[in-house]
Each structure stands twice: as C-alpha cells, then as structure tokens.
Amino acid sequence: MRGATRAKWAVGTVAVALVATACGGGGGGGGGDGKGVLSSSWGDPQNPLEPANTNEVQGGKVLDMIFRGLKRYDPKTGAAEDMLAQKIESKDQQNYTVTIKKGWKFSNGEPVTAQSFVDAWNYGALIDNNQKNAYFFGYIEGYEKVHPESGKASARTLSGLQVKDDRTFTVKLNQKFSTWPQTLGYPAFAPLPRAFFKDHDGWLKKPVGNGPYKVESYTKGSAMKLRKWGGYKGPDKARNGGVDLRVYTDNNTAYTDLQAGNLDLSDDIPAAQLKNAEADLGDRYINQPAGIIQTLTFPMYDPQWGSEKMAKVRQGLSMAIDRKTITRQIFQNTRTPASDWTSPVLKADGGYKSGLCGKACEYKPAEARKLIKEGGGLPGGKVTVTYNADTGSHKDWVDALCNSVNKVLKNDKACVGNPVGTFADYRNQITAKKMKGPFRAGWQMDYPLIQNFLQPMYYTDASSNDGKYSNKEFDKLVDEANAETDRQAAVKKFQDAERVLVKDMPVIPLWYQNGSGGYTDRLSDVRLNQFSVPVYDRIKVGS
Amino acid sequence: MGRYVIRRLLQMIPVFIGSTFLIFFMVYALGDPVAAMFGDRAPDPATAARIREELLLDQPLWKQYLHYMGQIFRGDFGTAFNGQPVTELMGTAFPVTLRLTLVAIVIEIIVGVTLGVLSGLRRGRALDTSVLVFTLVVVSIPTFVSGYVLQFLLGVKWGWVKPTVSTDAYLDELLLPGVVLALVSLAYVTRLTRTSLAENARADYVRTAVAKGLPRRRVVTRHLLRNSLIPVVTFIGTDIGSLMGGAIVTERIFNIHGVGFQLYQGILRQNSPTVVGFVTVLVLVFLFANLVVDLLYAVLDPRIRYA
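Protein chains in written order, with my numbering: chain H, 1 to 543; chain E, 1001 to 1307.
If you're looking for bench data, these hints aren't it; they were derived computationally from the structure. Where a beta carbon is used, it is the ideal one built from N, C-alpha and C, also for glycine. Warning: the hint list may mix true and false statements.
What the hints assert, rightly or not - Ranges of calculated distance between the beta carbons of each label pair, as one might list FRET restraints: (1) E:Ser1242 x H:Gly377: 53 to 61 Å; (2) E:Ala1203 x H:Lys395: 52 to 60 Å; (3) H:His200 x E:Leu1300: 32 to 40 Å; (4) H:Gly230 x E:Leu1061: 23 to 31 Å; (5) H:Lys395 x E:Pro1014: 38 to 46 Å; (6) E:Leu1127 x H:Arg328: 36 to 44 Å; (7) H:Thr77 x E:Tyr1170: 43 to 51 Å.
Said to hold, decoys possible - Computed cross-link-like contacts, SDA-like style, restricted to lysine to any residue with a CA-CA straight-line distance of at most 20 Å: (8) H:Lys275 x E:Thr1087; (9) H:Lys233 x H:Ala389; (10) H:Lys220 x E:Thr1087.
Unchecked claim - Not close to chain E: a few residues of chain H, all C-beta gaps over 12 Å, as computed: (11) Asp128; (12) Lys205; (13) Val208; (14) Lys359; (15) Gly381.
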C-alpha cells in the first residue's frame, strides 16, 4: 500500500527534522516540561483580529488563545462554565447582574474590570466600527440606537449596560432570554484593555488579551508566534511553551509538511488525503464531531417550492437522499448522516436528539417516490441544486446527491447541480432571493446551544433564514423556550419546535460535519473543541 | 537613444491605463465581495451598507476607477479587506517573489545556456540528443506535477530539504522552488541557445574569426555566443515578468508568501485593491523588463542603433 510506505518514511524523517527544529526554535527544546513550542497550521484571518469582528475559524483560533471571556465552553462537554464570571444573576431572565472574579489582568498589566467588558461590548455594537459580529449584542437594550438598520447611530453606547463598580455591571435585555448567559462564551463577548482604544493600530499589530497565551510577534499574512503567559490567572494554564501559527494557502502543503515533520499540527486535512490519513498518521489522525451541520435549504419564497402541498415533495426529496453512502464514499466518514437539525456536539443534554427527524431523514426510495407523486411531483419535473464551486468539495457531493435522487425517481434528468463561480456571488444570489430550487447551506454554531441551531435560521425573518421560512407555531415554541427558566424544559420546547420542521421540511438536514486534523508524535493530548479548533493550551510537547 | 527611451516610456502610459482598467473591470465583474465577508450567514444590512460605502462599492464603476487611479498616483494602493494597506502587503510580498525569480533566472541562465552551448557545439552527437530528450520531457511536465513530485521526494521521502519555505524565505530554502519554477523556461532557454548557436556557427564572421587563427575559446565566447544570445536575452527578459506573475502555482506548493500568494488570496476573497494593485505592479515590471531587453539589443549587437 502506498499509504503505508509513506507513513514509514515519514517517521524516519520526523526524527531528523525534529533535531533541526529544536535547534532553530527560540525557546524550544525541553522534554515534556511544558516549555516546548509547537507549530500549527493557520490561514490568514479574513478580518482584522478584533473579537467582535472575527467570524471565521482562523481568527477564532487566535482569539481562543489570547482571550478569556465571562464563560468558556468546556472543550469536552461543551457546557458553558464560568471563567471570568464569579456569578451572573437574574430574577426575571431579562435583567442580569454580572460579577467578575478578582485579580485578572491583561498581559500588558492592565486589570480586567467591569469597564473592560462594557467598553468592549459597546465598541462591538456600534455601527461606526463595522464589526461583523455586531448582531451578537442585538439582545441588549439600546442596540437599535447604536446600530440602526440604516442611517447614523443616535447613541454611542448601549443603554442596557451599566457599570456598578469595578467588578460588577448590569445588563438589560430587550426580551426574556434564559440561556443568554450561556452565549457569553463566544469570543465576541471578550473584554478589551484600554490599549485597544488608545492605540488601535498598535493593538491590531500585536493584540493584547487576557488569555493563557500572549502574542510575541505577528507577521501579518504569514505567521504569528504565541508564547505562554506567566501571569495568567485562569485554571487552564498552557501546558506547552507556546504555539507558532504558520499560514498555509494550500492544505495539501500543510499535510506534506506534517508528514515531513516540518509542522507539528494541522487541523485541516485535504479531502483528497482523507483516504491516506489514517494509514499515514495512525492514531495521530483526529476525526471528531464539530458543531457544523450541512443542509439543503428550499426557497420558501418561491411559490413553486414553498406552497403547503409541496411539503410532501420536500419530504420525499429528503427521503431520496442516500446519506449513508455519500458520507462514506465522498467524505470517508468525516461527515455523519444527520437525523435532526442540531449537532451531536450538543450532547443529549444540550438538545441533540438522534433520530428526531424520523424516517423523513432516512433513505426510503419507495416512500420517497410515493410522497413526491402525492405532492404533485417536482415543479416542472426537475430540481436544480445550487452550490458554490470555488471552495470545498461541494461539486462531488451535489453530484452524488443528485445521482441518488435520480436513481430513486428513475429519471436521469430529474436532479442537476447548478454551480455558482464564487462564494460571494453565491451569497449575493441567496440574499437577493434569486434561488429557483434548493441550495446548499452550512451552519457553524456560534455557541453550543440548541437555540443557536434553530432560531437564527428558521425563526421568521431571522438573520440567517435564507429560505425565508415562516411558521407561527415554530416561532411561538421558540419564544416559549427562550422564556423558560429551567434549562431542560427550554431544551424540550426547542425540540418541539424542531418537530415542526419535520412536518414542513423547509430545510433538509444532510450531515453533521466533523473536524479533522493530524499531528506529529512529538505532541500528545491533542483534541479539537466543538468549533473544530485545536485546544492548544492542553497540548503537551515532548522532545 | 535618449529620445527612444522617452518615446517608449510615453508608450507605456496607455498600456498601463488600459491594463489596469481591464483588471479593475474584471475583478469588479466577479460581483459584490461584501456578502462573502460574513461567511455562510446573511450579512447584517446596516454593517454591509457601511462597508460598501467605505470601499466606495456603492459608486458606479468609472467613479471607483478614477478614485483608485487618483490614489495610485499619490502612492496609495488602498487597503486590503483585513485592514492592511496594500503597499504594506507589497513590501513583504515582492522581495520574496523577487528573490525566488532571481534564483530561478540564475538557474535558468547557468544551466540553460550551458546545456544549450554544449549541445549546440556538438550537434547531432549523443550529448545533443540526450539534451533534446531532457528538454522535451521537462517542457511537457506541468509545474504543479514537477513541484509536488520533487517536494515529496526531496522533502518527505528522502528528507534532504524542508518541504516548504519559512516566512523569512532565505535563499537556500528557495533553491528547490527556484528549480521547479525555472524548469520549463530552462528547457526553452536550452533549445533557443542551441538553435541560435547552431545557426550562427555557419555564419561568415565565424569562419573569418577561425580563419584569422583566433583560439577556439575566443571564437565561441566573443563572436559566436555574443551574437547567438540575442534571442535568449529577449526570452529571459520577458520571462522575468511571467515568472513573477506565474509563480502562483509554485508559491502555493511550497507555501511561499509572495506575490502569487497575495494574488491567490485576493482573487479568492474578491479583494479588488489587492488584486489590481499587485497586477498593476506586475504590469510595470513587465513593461520595464521589455524596455531593458530592447536596450540590451544595442549593447549585444552593434548593428542595432536606436534614434
């Protein structure tokens, strides 16, 4: 086997390369004494590295290392645990009092106070700052003043935020939201030091945070060196000396470097290498669920697809997709067939319910044919699946999906793919409601809560409701769930809302996406969190 | 000579304006880049509108173009979407690519011309035939194949070199990528030198030089080579431009953070300031390289005079 021989060679070269890197690395060396520095693959962050402006994994990687917020999601269980928060209290699920812990500092020596949070949130929400995650602050009272739908801001700060003293501030929300404290683990809610506001350009060149690492040097577009910060107060102190992030434009190159031992950790295994990865890396290959679900969204605004009687056709299409075969053949099991609209990383406790969708998400050729016929058949006898062709291997699975549908309907031309050249163009067509048939969508969660998998996408006029689905019953159940004080009761309500989706099938759940990665034998305790970002502070570096 | 140079420089202006406009137009035609900045979720309309306004995307194309050209003449190439000035990106990217190009050109000249001279002087012999076969093979292999194969063999399998280039991109690290980048052009240089040399070897002035009793070495270097190199110099000159722009593939394979990397990233994100800025500089490089080549003609061939 080609793969097997490659692995052998790789081990041989690792030893050679390690000697070289140990000499070259600044503070490197050290035999598992917590001083070793590891190198890890990275992509150039799309936006400036401000917490409220980072909405993709690469920038998120850095924020996760240099910032700690009020809460933090446990990398294993996904539960939101107090980090800087001493307590977050509320009597009515709408007015919250936040008390932060004593003694925390930013790595430039500034203390972390209530003001650090309030300033940061005000900055993130204000429209003048063009922060792409501004909508996260949309639940706080006064948001529509600092971030109006159009025109200029009529206030500079959120009226719902009040600093009481150094360690306390209050938050007033514009609606009841019982699980709001659990959203605070998202990096957009991180505190910011005064240095961020005083010397903004300087801060962007070398970000300063309060996390277990501090930035030693940052060469934009190519590398960032992070080192363990000795003054870090939290319980999750780094177990290694630091991380060197290296930008790769091509994940194939990163994989080659990993094989040659020139790179310690790559968290993006190219699709073409998935077949070899297990043979090449053995147990150093990570394949772990991430909070990402891939779906097929119907344009509910199009009467051809959105009408009530078309629900049967939509369900029928869902049952015509052989998810199991596609995930195995095309994705080498790095995707798992979906049977609800959430993600396994939520765990049963958090609202994930395997099989909630029932047989509507199973491969049932005969029933699929029957349902589609009952619903009046496909509009015009065919269905086009639109996708963006520039990234990912979307073409491969769309073709496979269509093939599966065509086989079920015994018609070679029933389903065809419709590639759109660039992602930007694709998004523009979606926003302009130009879709004439189902289109692909991927949702990466912001925080591990069932609310985040449902409300932003299926609630009437929600921010990411691309198909413009609207159902009063669904909306009502979500509202009730948000007002629920008991977490388990809230989860139940959300699941009831999800059952409405089974009936309407405005979006076909396809599969849950895994995070994949690989590392050299120099490292141990490597795992990914729910956002498929490596948990750097836990990694141990051997010699 | 001076007037010739001035005329050539003036000719560059319409070429420059035309090419920048074309690039600007093409990047613009790709569509609105703002939606993609928000990833898989619908952009918040207020923020999107503000970003569009700041990037002047809400203006008609000709206004954007005029504004952009105005900026360029003030030495400001705009700001990339990640908040970095494009001039800063150029400052880091161009030296790296320039170094890579130089390594490639040096390899091209040394190996290409040497092989060309050797086979040109030994026409029809075994050496000539093997060089012919070698160049044919090299020309027919695309860069990405030779790149990945050499990288895997030397970098992973035998572990002789690091498979990728570090951020600093030292010269020794650039040797392998330089060879990969040079391979195709190297074959052309070899063929070109050989043919031109073979042709000129029968020329009258060479016969005269030999008849004068000059040593063979002097005949080859002073008379034969100098005249035969004219087409080769033209080729190498134009190659500088295409190597700098065409390094995208090589730079991706070896993870070199040069011009190709920035262009690729820029195109992927529809970042018009980056793409147009870099291509504009490449256009300039191309134009100047051509001018230098034309001027070099006069140096190499005394019969050519510019007025």
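Going down the list of hints, with the structure as the test:
{"no.": "1", "hint": "E:Ser1242 x H:Gly377: 53 to 61 Å", "in the structure": "55 Å, holds"}
{"no.": "2", "hint": "E:Ala1203 x H:Lys395: 52 to 60 Å", "in the structure": "57 Å, holds"}
{"no.": "3", "hint": "H:His200 x E:Leu1300: 32 to 40 Å", "in the structure": "55 Å, violated"}
{"no.": "4", "hint": "H:Gly230 x E:Leu1061: 23 to 31 Å", "in the structure": "54 Å, violated"}
{"no.": "5", "hint": "H:Lys395 x E:Pro1014: 38 to 46 Å", "in the structure": "41 Å, holds"}
{"no.": "6", "hint": "E:Leu1127 x H:Arg328: 36 to 44 Å", "in the structure": "55 Å, violated"}
{"no.": "7", "hint": "H:Thr77 x E:Tyr1170: 43 to 51 Å", "in the structure": "46 Å, holds"}
{"no.": "8", "hint": "H:Lys275 x E:Thr1087", "in the structure": "42 Å, violated"}
{"no.": "9", "hint": "H:Lys233 x H:Ala389", "in the structure": "46 Å, violated"}
{"no.": "10", "hint": "H:Lys220 x E:Thr1087", "in the structure": "13 Å, holds"}
{"no.": "11", "hint": "Asp128", "in the structure": "8 Å, violated"}
{"no.": "12", "hint": "Lys205", "in the structure": "10 Å, violated"}
{"no.": "13", "hint": "Val208", "in the structure": "17 Å, holds"}
{"no.": "14", "hint": "Lys359", "in the structure": "28 Å, holds"}
{"no.": "15", "hint": "Gly381", "in the structure": "30 Å, holds"}
The earlier numbered hints that this structure contradicts are 3, 4, 6, 8, 9, 11, 12.
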